[in-house]
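So you can see what is in the structure, the chains are spelled out below.
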Amino acid sequence: MTETIISSLTKEVRIGFEQPFVVIGERINPTGRKILANEMKHGDFSRVEADALAQVAAGAHMLDVNAGIPLADEPAILARAIKLVQSVTDVPLSIDSSIVAALEAGLAVYQGKALVNSVTGEDEQLERVLPLVAKHGAAVVAISNDETGISEDPNVRFEVARKIVERAADHGIASNDVVVDPLVMPIGAVGSAGKQVMHLLRRLREELQVNTTCGASNVSFGLPNRNGVNSAFLTMAIAAGMTSAISNPLHAEVMQAVHAADVIMGNDPNCANWISKYRESAPADAERGRRKRRRRPAG
Amino acid sequence: MDQETDLNEAYDAEDFSLDELDDQDLVEQMHDDLYDGLRDEIIEGTEILLGRGWSAEAVLNKALVAGMQIVGVDFRDGILFVPEVLLAANAMKGGMGLLKPLLAESGVEPIGKMVIGTVKGDIHDIGKNLVAMMMEGAGFEVIDIGINVAVEDYFAALEEHKPNILGMSALLTTTMPYMKVVIDEMITRGIRDDYIVLVGGAPLNEEFGEAVGADGYCRDAAQAAELGPELVRQRKIAIGA
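Protein chains in written order, with our numbering: chain U, -12 to 286; chain R, 115 to 355.
It is worth saying that the hints were derived from the structure and are not from the lab. Take these hints with a grain of salt, some might be off.
What the hints assert, rightly or not - Capping the alpha-carbon separation at 27 Å, the derived lysine-lysine pairs in DSSO-like fashion look like this:
1. K234/R with K21/U
2. K150/U with K234/R
3. K176/R with K234/R
4. K28/U with K227/R
5. K122/U with K(-2)/U
6. K122/U with K182/U
7. K294/R with K207/R
8. K100/U with K122/U
9. K(-2)/U with K100/U
10. K207/R with K21/U
11. K176/R with K350/R
12. K214/R with K294/R
Claimed, not checked - Listed below are several chain R residues computed to face chain U (Cβ distance under 10 Å; list not exhaustive):
13. V199
14. L200
15. I240
16. T287
17. P291
18. D298
19. A316
20. E320
21. F322
We treat Cβ as the ideally placed atom computed from N, Cα and C, and that holds for glycine.
Construct the complete structure from the given sequences, taking the supplied hints into account.
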């Protein structure tokens, strides 16, 4: 069974068909966050630290780190952000940039096996990013578009994904270290976006047998009650075979959808995780009716 | 209660013919119908006004553009959402189908013209399409030259269409610097000031817009549809047109 292992120095996360769904926290990203962008640009990483801690506390298994700030030294800022996040949390990271030099700077300081986010099917990109991924023994997110655009035909996107997986193999990167992003378009603008993605997810899982991820919050762009759409989307995408997503763990609906989907997919043995998260808090006199665990004497 | 009376009560909807309304009421009804994205009703309303002797220009400005302004304001304020705005734009297009040939015939110039495209290396088009639609809603003629547009293709379109506005979109930090390539080339060729340049896209900000030398940065499509016409109006005043 396909498994992608991502790690920090002390922690390992397994993305896989028979693993609990992996939530990659999306918050450390200055796109559309004016204050955060400005702070990061001027060397203030306090909000990055707070975002990292809050997302891990909310149950993120990994964190995405992006430093895409206009007119700034993105490689240097990304490297600093990664160092800082690794100093305050132990979850593995996804290093997120469309600038190859930034990915390189991030990988240079990263401790563990990172997820490089991302490479597209464009030839020039493939030849620059894949050697970097191979050199660092990292895993990589493969985005299923190429020079010609984002096809509305999921079968065309499947072929792009297949091409990236094959090209990665040429560079010595195994297919279980390629996590395909099927590209989730805003459903409010592209009415068939949901169906496209579900179709593609099934093919990726059954035929290409790769792990998958996506920017899940995209789906609800331009709609009210985005969390409602996001959580339904995640549930459905997990049923179709998606194994991880870059999403916002601070939204309780999102995490609840993921935990419930794990239960239903049989990836939460004995529903233990679900029960421990959602058991109603015990009444004050909780001693009654619950036996204290006896410890056997040591030795 | 059967379903029909139920619906009637819910919407206070009695069947009436648009033709029964006087001009003022019909125009207001069309504003409502645009808001609700009712394409057939907009086409019908446009036909009726034209039949009553309205000029195509008057129908365009008083019924369609004014109606889309209401849509734009509510979109900006988070009352309307993307799918609703797309329906409204589509309804407007229905009316425009009738008006376009008449406007061309009578030599009426649109409020403005815009050439818009996503920059080279970037294949994202949803935001750009939204801007194009909102600008059409504002009464602009929009020439959408697509995605992955190289500098020479921008220039070819500027040459051919002579727009008031050049709009450039990018969704990636790697592709957005290309906006500066295009603007610098405009300066080199001595045509920078012939056009209003607007830029937009998720990773951009105000500061970036200024740094690349654009006339404006638009946070979203609603803002583009406000800023674009305003800048065109100011420029027309400035040159005494």
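Here is what the structure says about each hint:
no.	hint	result
1	K234/R with K21/U	holds, 26 Å
2	K150/U with K234/R	holds, 23 Å
3	K176/R with K234/R	violated, 38 Å
4	K28/U with K227/R	violated, 37 Å
5	K122/U with K(-2)/U	holds, 21 Å
6	K122/U with K182/U	violated, 37 Å
7	K294/R with K207/R	violated, 33 Å
8	K100/U with K122/U	holds, 11 Å
9	K(-2)/U with K100/U	holds, 10 Å
10	K207/R with K21/U	violated, 35 Å
11	K176/R with K350/R	holds, 21 Å
12	K214/R with K294/R	violated, 35 Å
13	V199	holds, 8 Å
14	L200	holds, 7 Å
15	I240	holds, 5 Å
16	T287	holds, 4 Å
17	P291	holds, 9 Å
18	D298	violated, 15 Å
19	A316	holds, 5 Å
20	E320	holds, 9 Å
21	F322	holds, 4 Å
Going through the hint list in order, the structure does not satisfy hints 3, 4, 6, 7, 10, 12, 18.
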